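Participant: Chains as they are written, first to last, in full-length UniProt numbering: chain A, 1 to 345; chain B, 1 to 345; chain C, 1 to 345; chain D, 1 to 345.
Just to be clear, a hint being listed does not mean it is correct.
Remember, identical chains collapse to one label, so a pair may be satisfied in a single copy or spanning two.
As the list claims (entries may be wrong) - SDA-like, lysine to any residue: derived pairs with alpha carbons at most 20 Å apart:
(1) LYS56 - PRO276
(2) LYS111 - GLY301
(3) LYS3 - SER54
(4) LYS3 - GLN259
(5) LYS250 - ASP303
(6) LYS250 - GLY170
(7) LYS111 - GLY302
(8) LYS56 - ASP44
(9) LYS111 - GLN300
(10) LYS250 - GLY227
(11) LYS250 - ASP168
(12) LYS111 - GLY204
(13) LYS111 - PRO299
(14) LYS250 - HIS171
(15) LYS250 - ALA164
(16) LYS56 - MET275
(17) LYS3 - ASP333
(18) LYS3 - GLY331
(19) LYS82 - GLY64
(20) LYS3 - GLU121
Worth flagging that the hints you see were computed from the coordinates, not collected in a lab. These figures come from a predicted structure and were not determined experimentally.
There are 4 protein chains.
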Amino acid sequence: MIKVGVVGGTGYTGVELLRLLARHPGVELTAITSRGEAGMAVSDMFPSLRRRVSLKFVTPQDAGLEKCDAVFFATPNGIAMKQAAELVAAGVRVIDLAADFRIRDVAEWQKWYGMDHASPELVAEAVYGLPEVNREQIRSARVLANPGCYPTAVQLGFLPLVEAGLIDIGHLIADAKSGVSGAGRKAEVHTLLPEAADSFKAYGVPGHRHLPEIRQGLSLAAGQQVGLTFVPHLTPMIRGIHATLYGRLKPGVDASDLQGLYERRYAGEAFVDVMPAGSHPETRSVRASNLCRIAVHRPQGGDTVVVLSVIDNLVKGAAGQAVQNLNIMFGFDEDAGLDIVPVSP
Amino acid sequence: MIKVGVVGGTGYTGVELLRLLARHPGVELTAITSRGEAGMAVSDMFPSLRRRVSLKFVTPQDAGLEKCDAVFFATPNGIAMKQAAELVAAGVRVIDLAADFRIRDVAEWQKWYGMDHASPELVAEAVYGLPEVNREQIRSARVLANPGCYPTAVQLGFLPLVEAGLIDIGHLIADAKSGVSGAGRKAEVHTLLPEAADSFKAYGVPGHRHLPEIRQGLSLAAGQQVGLTFVPHLTPMIRGIHATLYGRLKPGVDASDLQGLYERRYAGEAFVDVMPAGSHPETRSVRASNLCRIAVHRPQGGDTVVVLSVIDNLVKGAAGQAVQNLNIMFGFDEDAGLDIVPVSP
Amino acid sequence: MIKVGVVGGTGYTGVELLRLLARHPGVELTAITSRGEAGMAVSDMFPSLRRRVSLKFVTPQDAGLEKCDAVFFATPNGIAMKQAAELVAAGVRVIDLAADFRIRDVAEWQKWYGMDHASPELVAEAVYGLPEVNREQIRSARVLANPGCYPTAVQLGFLPLVEAGLIDIGHLIADAKSGVSGAGRKAEVHTLLPEAADSFKAYGVPGHRHLPEIRQGLSLAAGQQVGLTFVPHLTPMIRGIHATLYGRLKPGVDASDLQGLYERRYAGEAFVDVMPAGSHPETRSVRASNLCRIAVHRPQGGDTVVVLSVIDNLVKGAAGQAVQNLNIMFGFDEDAGLDIVPVSP
Amino acid sequence: MIKVGVVGGTGYTGVELLRLLARHPGVELTAITSRGEAGMAVSDMFPSLRRRVSLKFVTPQDAGLEKCDAVFFATPNGIAMKQAAELVAAGVRVIDLAADFRIRDVAEWQKWYGMDHASPELVAEAVYGLPEVNREQIRSARVLANPGCYPTAVQLGFLPLVEAGLIDIGHLIADAKSGVSGAGRKAEVHTLLPEAADSFKAYGVPGHRHLPEIRQGLSLAAGQQVGLTFVPHLTPMIRGIHATLYGRLKPGVDASDLQGLYERRYAGEAFVDVMPAGSHPETRSVRASNLCRIAVHRPQGGDTVVVLSVIDNLVKGAAGQAVQNLNIMFGFDEDAGLDIVPVSP
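If we strip away everything but chain A, and leave its shape as in the complex, we get (with noise of 0.2 Å):
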């Protein structure tokens, strides 16, 4: 058993790691801060936990992180970049669910997200927690920055394409939708039930901060930049996205076998789903778990590829995402605590 912290366990992807991790075979959950709700019985705070999760919210100071052997950071961007260092030196191994060790490239991450990065040298050594890409490099991880939710459901779905190289890499799109709760569990009006139910919009059309990290990741697979238009939009829905994306095949490519091309990148991965020919997963075939399920489409026979792409934005687009990397980089089975079948209806 492997002594675990979570820092910052009153947010969604908090909450969902506790689901996770109560359930995880070889995890001791020992802290979970909360500045503002120290002493708060964390059951309390989130019923769904009651008889699982028997801690209670603590602050940061008294959570004793130096001593687990992981700490997941739950906590908004900016955080975890000025904590993470005192950790990695007393040997804990950080998973960072935020956007501070995502972007190599420090000076687009300051632009990106409007502040300093405190620890560019950690930026250097962390690794891009995409177990379907780095898996490699996350077993011996000291920071480990876990993936966007959007940026996995989107790299998954255009990681062949691009990587075998058929598709114009200088225009791809990505129509992404996702549920509200990928707007974070915080107190804000658009998100409220009567403003986001029963309707559908775009947002940050002019340009979202997963487009540089969906952009780095498909360029360093690619071998070189790629350009790419990225819309996501707000859905009346609690969890799940839906990645529609568009590619132009290369003229003259052989296109002939789209479907082997996915099954045979995603064969042995035990949470990539290529779907049969034809299909059109929907959200909730993955909800609850941390599956991404694909489905390759070239309709009418033209020279456009369309890749739909499913995954729960709190699972395999964050929580259970860390989970599975925490999971690498311990040696557990890559399933441990996350064993579910997804909740449908």
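Fit chains B, C and D to the supplied structure of chain A, relying on the hints for placement.
Facilitator: Relative to the frame of chain A, chains B, C and D by itself:
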């Protein structure tokens, strides 16, 4: 007052027509047909119409449709084409909310709709009822083909760019999202609340019947054949369509005033609202109204234009546009019966 | 045309007032106040009002409210009581959509609302604006207390039974369910979509502020103090209240024509619709309209009467009833501005 | 490992059984029947079960059910009663999730279910599978009648009060609210998303089939016939039942420790969680789990007790309770296959 009949009053477009016509100052509703429900008071099936609609459903043969000035067909595809000729011969003006008269190429229609067309000669004279394109021809139409819901949102969004020749029309992309009422009031499993709520999916990626309709309209606007990838999605909400449209600017064109282009194109249009630059229209901002709201973006100043276009699929996407067409055909104010403030929240 | 101002235009009752007043034939909207948003165009905050409301928010001091014929307070509790006296003195008629003037017993009000009352003398003269009970007094009201949402649905449902003396008024039960807009347009965690969607809960079981209001109204109808258990619930929908009411028949009373009792009580009421015997009204059957629909049942022929009463909480439960009261106060047709067909589906 | 078959695997209780049994450590699923879908892979109909259930649907005759240790009937009412006798004779233990064996009074059953009972003799020996009442009899049951969803929530909520003799059992009131999955996976208009979303309604007020079932259970607990008013409602959510229960304290009883009464009654129960005094349990706090959470209130210190009881209708209200019963019958840990943390948000 003109006399108006509705054929097929038990579906969503039918009941929405009744909601609008009940307050139309120039219309006397004389008959609402339903084979299955003949004899039942309309307001027994639709309690929202109590005190507003006092008619009972009648069979088509008892409806006296030939004595109407205008007849709406709110029927499944393939009904109006069999009954319109006789009505037209009797001097009745026909407005079909289904697809029977939308596609000018009868062979193409037969391919997509899987049946023989019963009156190709009426297809030739039918007017496609998108007022923002065909207002003049609509005035004198004897047979009016009311546009589909997706085609309305997509065409209104793309038209200014296509007409101005600014984008590569060989590779248009329309990623469209619809509320579930778009699937109709039919007893089916896949649109049950437990199937369709809190989930999101694409459908019809290999080919959807609205593809040829959109392609026809945009090709006419472009003066040449357009290429279109159209991906519809089912969204867990009752009403609303959000079309996210992608077009690539042709090299060298002047795209410095896309906002002005859109504003000029729709100046004077009562039901198309070009939102301020930078906007993200929500479907609820048009809920229950006949409006289409549009925003145009050029993310990161690149060569991809993104257009956001929202309508209420049952109003501007069906019954409302049909009433707008009626108004044009009979010389009413174009917003007669359509003077509705969107219901939000 | 009368001049009308709205104090507090940024909440749900405020924007709903604007939706209704925008089409009122006898009203000129002259000012909409908001301290926080002064200077902003109303339609920038509420795009649904584009082309309908051209005003900007102004501060209360710049609003010229004293020159209005009527002023609506769509403010939190405790605001109107401080500002009404001055307006009344200037000849302005005040309609408060909050609770400041609803409870005649000032001590009771202070207990439930947790503050001192700033103008008890206006409480004494204020008229409780339930038109189906107080229409005559409303005509000449200078200060009108617009009823709460739950109290409207519950009182209209219970009144015929209570007035007729048929049920044990010592043990009334009102089990009420509200859409989330009833909680207001406030940034709070518990009404975020991911918290409130796809879930159901009771709240306020130990005591809710609408309890004394309902008790007061029913006690006046009964001529003696009633006993009431009131349990409100939060329902995952935007609008609508469904009150399920339980009363036990007194021994020996003639309960053979409950349907007739209800129909006679509300004969001639424009906004109360007694449904046919055996009905189960849905909240959507009144969506966006000022209607209350009621059905009365006596399950299994036993001695418990069950009444089902539905309203749109933002219309008959707030802004619509306020406009209805305005109409009565100023001699307009009672349905001026309220001639809306419910939006269903 | 025991061999288990499922008859009727295409409805919501069927697929939920499969979700739970797929992870049950002691169960080998050997057959899932469906006349209509025989030959289809289960996971083609339910993609959430991909990689979890590899069986195809088979016809009942090809299923080899007689070789199973246990067979679940997830079928419409009236099926199990025809097939159970033969299986029981073959030594198979039968768990019926429908209503065929729930009502001991066969004449009463026939009245409510509108058909003749095919095996009254099995009704006599069947055990009603509410473990918190009948755990001992369940161990040896050959035919187990799995309780209905409403009856589970209502009985667990009322039992402590009824068993303790504290309330007037002549006038119990159960106001219950269910998610739409309770209506089953049947193609019907009234449960389509556009019909059932964003709306709320009561149904079955004159009489619902769960009324006699609840009355039977509570009468057994009381030792005499109880009187019950039961009003079910349809709530716009997928899963969950919230029962709000009202009982009047008998004069003179000691009701000073209702909280303790509930806690003692359910001490040691793995799946009944008595919430702290003052709580308002949400249905989402039990989503996807087999838990029932209960809170007991005495509003304003009066003589009406209000009990709030929530379950997931598909788990504790159907498939989960069936697996719990299987566990008891075969000596597994009672939470085998049911060790699920509720999914919230």
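Participant: Confirm or reject each hint.
Facilitator: Each hint, compared with the structure:
1. In this homomeric assembly, LYS56 and PRO276 come within 20 Å of each other (Cα to Cα) only across copies, at 16 Å, whereas the closest approach inside a single copy is 46 Å.
2. When the C-alpha separation of LYS111 and GLY301 is checked against a cutoff of 20 Å, the pair qualifies only between copies, where the shortest distance is 17 Å, while the shortest distance within a copy is 41 Å.
3. Taking CA atoms no more than 20 Å apart as the test, LYS3 paired with SER54 passes inside one copy only; the shortest distance there is 15 Å, against 37 Å between copies.
4. For the identical chains of this complex, LYS3 and GLN259 are neighbours neither inside a copy (42 Å) nor across copies (37 Å), given an alpha-carbon limit of 20 Å.
5. Taking the shortest Cα distances, LYS250 and ASP303 sit within 20 Å of each other both inside one copy (8 Å) and across copies (18 Å).
6. Proximity of LYS250 and GLY170 under a CA criterion of 20 Å is satisfied in both settings, with 11 Å inside one chain copy and 15 Å between copies.
7. With identical chains, the CA atoms of LYS111 and GLY302 are at most 20 Å apart between copies only, with a shortest distance of 18 Å across copies and 38 Å within one.
8. Taking the closest pair of Cα atoms, LYS56 and ASP44 come within 20 Å of each other only inside a single copy of the chain (9 Å); across copies the shortest separation is 44 Å, beyond that limit.
9. Proximity of LYS111 to GLN300 under the C-alpha cut-off of 20 Å is restricted to the inter-copy arrangement: shortest distance 14 Å between copies versus 41 Å within a copy.
10. Taking the shortest alpha-carbon separations for LYS250 and GLY227, both the intra-copy value of 15 Å and the inter-copy value of 16 Å come in at or below 20 Å.
11. In this assembly of identical chains, LYS250 and ASP168 lie within 20 Å of each other by CA distance both inside one copy and across copies; the values are 6 Å within and 16 Å between.
12. For the homomeric pair LYS111 and GLY204, the shortest alpha-carbon distance inside one copy (15 Å) is at most 20 Å, but the shortest distance between copies (40 Å) is not.
13. Proximity of LYS111 and PRO299 under a CA criterion of 20 Å is satisfied inter-copy only: 16 Å between copies versus 38 Å inside one chain copy.
14. In this assembly of identical chains, the alpha carbons of LYS250 and HIS171 lie at most 20 Å apart whether taken from the same copy (11 Å) or from different copies (13 Å).
15. In this assembly of identical chains, the alpha carbons of LYS250 and ALA164 lie at most 20 Å apart only when taken from the same copy (11 Å versus 28 Å across copies).
16. Proximity of LYS56 and MET275 under a CA criterion of 20 Å is satisfied inter-copy only: 17 Å between copies versus 42 Å inside one chain copy.
17. Taking CA atoms no more than 20 Å apart as the test, LYS3 paired with ASP333 passes inside one copy only; the shortest distance there is 17 Å, against 28 Å between copies.
18. For the identical chains of this complex, LYS3 and GLY331 are intra-copy neighbours only, at 14 Å inside a copy versus 34 Å across copies, given an alpha-carbon limit of 20 Å.
19. In this assembly of identical chains, the alpha carbons of LYS82 and GLY64 lie at most 20 Å apart only when taken from the same copy (17 Å versus 52 Å across copies).
20. Proximity of LYS3 to GLU121 under the C-alpha cut-off of 20 Å is found in neither arrangement, the shortest distances being 26 Å within a copy and 58 Å between copies.
In terms of the numbered hints stated before, the structure departs from hints 4, 20, listed from lowest to highest.
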